[in-house]
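**Student:** Sequence:
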Amino acid sequence: MAPYHARALPHDAVSAVDIARWAALEAQALEPNAYASPHFILPALRHLDPGSPAQIVFIEQEGAAGTAAPQPAAVFALRRQRGNKVLPLPHTEVYQSMHSFCGAPLLAQGHGVQAWQRLFAHLRSSSPWSFALVIRNLEQGGEVHRALQRACDAAGYRLHDSAPRQRAMLLPEDTGPEALKRNLRKQHAEVERCKRRVAEGGELGWHIHRDAIEPRVVEDFLRLEHAGWKGEEGSSLRAHPAEEAFFQEMVRGFASEGRALFTELRLAGQTIASTSNLVSGSTGFAFKVGWDPAYRKNGIGILNEAELVRNAPQVIADLQAFDSGAEPASFIEKLWPGRRSLITSIVLFNRPAHWALQAVQWARDRAQRRQAGAPSDAPEAQAKAG
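Residues 42 to 427 in my numbering are what the sequence shown lists, from first letter to last.
Keep in mind the hints are simulated off the structure, nothing from the lab.
There's no promise every hint is true.
Heads up, simulated EDC-like pairs for lysine to aspartate or glutamate below, C-alpha to C-alpha not over 16 Å straight-line [claimed, not checked]:
1) Lys375 x Glu255
2) Lys329 x Glu298
3) Lys375 x Asp261
4) Lys271 x Glu285
5) Lys329 x Asp261
6) Lys271 x Asp252
7) Lys126 x Asp406
8) Lys338 x Asp215
9) Lys329 x Glu285
10) Lys375 x Asp359
11) Lys338 x Glu233
Pair ranges (Cβ atoms, derived) [as the list claims (entries may be wrong)]:
12) Gln122 x Trp403: 16 to 24 Å
13) Arg293 x Trp270: 48 to 56 Å
14) Gly246 x Pro131: 53 to 61 Å
15) Ala370 x Ala230: 20 to 28 Å
16) Asp406 x Ala370: 17 to 25 Å
17) Gln207 x Ser276: 38 to 46 Å
18) Arg191 x Arg121: 33 to 41 Å
19) Arg392 x Asp202: 36 to 44 Å
20) Gln122 x Glu241: 50 to 58 Å
21) Pro131 x Asp252: 41 to 49 Å
22) Lys227 x Pro169: 28 to 36 Å
23) Leu50 x Arg199: 26 to 34 Å
The beta-carbon is built from N, C-alpha and C at its ideal position, and this holds for glycine as well.
Produce the entire structure from the sequences given, and follow the hints as far as they go.
**Tutor:** Here is the structure:
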């Protein structure tokens, strides 16, 4: 087997050829992830984290006899951390922006274990100060996680996984008119009543845009996402010029490959609810939602999402799953009954990293016991009990 090597570049030095190979890898990745796409990572670093010392590391396998161009076995976006609440020692993180909801790096099928191993070797030689590698929002038991486990076992590194949390997913078996009734149960009738009430104001239509995304579609989304409490609290994309610039550039990149997806609820020719979504491989990724606060009582955001479930067999039949990007207890959990478990994985390179992580866990457990009103044991007592 041809050897693997690591090639690290500042994010602003990645060439057009590199981006094309990165995008080609994304299309065939072991585990799809739109948030690891060059169309997401590079705009995020330019606009959301300017000045970040992030690097893009290409793990490449040489062509036969050195005659063919090296092919990427993986692409990692990495950022150094001096220490944070995850681990209070210097470490390296797989980069995620403030708007990233999944953390799996892109690995080529058949190269996952080797790519992780080569990354470990690269970090140990180029960043000897780095005590660990942190990957947040990784699917527990997914292809990337399993490759990581095997690579850690082979390298002799301890892998720590956090407690999992659940994320709502839309799967093909949970789509269509009958599935929508089943998902919503007693609330289905109320959703239909709200739909009829909104339609009293004019012709009500639902639309999906996947190929060419018109500027009007993007503008309507940004306007609605900024409306209401998000705009008032300053948490919308439009409230921050850098975030809007990121979104515009990111959407253009995905749309250039037919991988941006917007849904709209339009009343009398005006958009009153909109969602922005991304596609990577055979998986969709929900990004942001917006709706006109004048129709809040009628739940038009839910109506828009319900129409996607109803029409999915026709409009997204090519997708095997749709990740909601939602936090637990979100309204989307009833509409999208599928689940995936997400964890934070930490590759501990040495004993100090292991001890530091144990200290963090002990402090967190102690704080939880105090909050619950239970007595906390001293570290010495825990050690004796162990």
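**Student:** Are the hints correct? Go through all of them and say.
**Tutor:** Quick rundown of the hints versus the structure:
1. Lys375 x Glu255: violated, 31 Å
2. Lys329 x Glu298: Since the Cα atoms of Lys329 and Glu298 sit roughly 20 Å apart, the hinted pair is violated (cutoff 16 Å).
3. Lys375 x Asp261: Violated, because 27 Å separates the two Cα atoms, which is more than 16 Å.
4. Lys271 x Glu285: holds, 14 Å
5. Lys329 x Asp261: With Cα atoms ~13 Å apart, Lys329 and Asp261 stay inside 16 Å; holds.
6. Lys271 x Asp252: violated, 28 Å
7. Lys126 x Asp406: Judged against 16 Å, a Cα distance of about 14 Å means the pair holds.
8. Lys338 x Asp215: violated, 26 Å
9. Lys329 x Glu285: Measuring from Cα to Cα gives roughly 12 Å; hence the hint holds.
10. Lys375 x Asp359: Violated, because 23 Å separates the two Cα atoms, which is more than 16 Å.
11. Lys338 x Glu233: Cα-Cα ~14 Å, so holds.
12. Gln122 x Trp403: 16 to 24 Å: holds, 21 Å
13. Arg293 x Trp270: 48 to 56 Å: Distance hint for Arg293, Trp270 is violated at roughly 28 Å.
14. Gly246 x Pro131: 53 to 61 Å: holds, 54 Å
15. Ala370 x Ala230: 20 to 28 Å: Between Ala370 and Ala230, where Cβ atoms are some 23 Å apart, the hint holds.
16. Asp406 x Ala370: 17 to 25 Å: 23 Å Cβ-Cβ, so the 17 to 25 Å window holds.
17. Gln207 x Ser276: 38 to 46 Å: violated, 24 Å
18. Arg191 x Arg121: 33 to 41 Å: violated, 26 Å
19. Arg392 x Asp202: 36 to 44 Å: violated, 19 Å
20. Gln122 x Glu241: 50 to 58 Å: At 54 Å between Cβs, range holds.
21. Pro131 x Asp252: 41 to 49 Å: Since the Cβ atoms of Pro131 and Asp252 sit about 46 Å apart, the hinted range of 41 to 49 Å holds.
22. Lys227 x Pro169: 28 to 36 Å: Given about 59 Å between the Cβ atoms, the range is violated.
23. Leu50 x Arg199: 26 to 34 Å: holds, 30 Å
Against the hints set out earlier in the document, violations occur for numbers 1, 2, 3, 6, 8, 10, 13, 17, 18, 19, 22.
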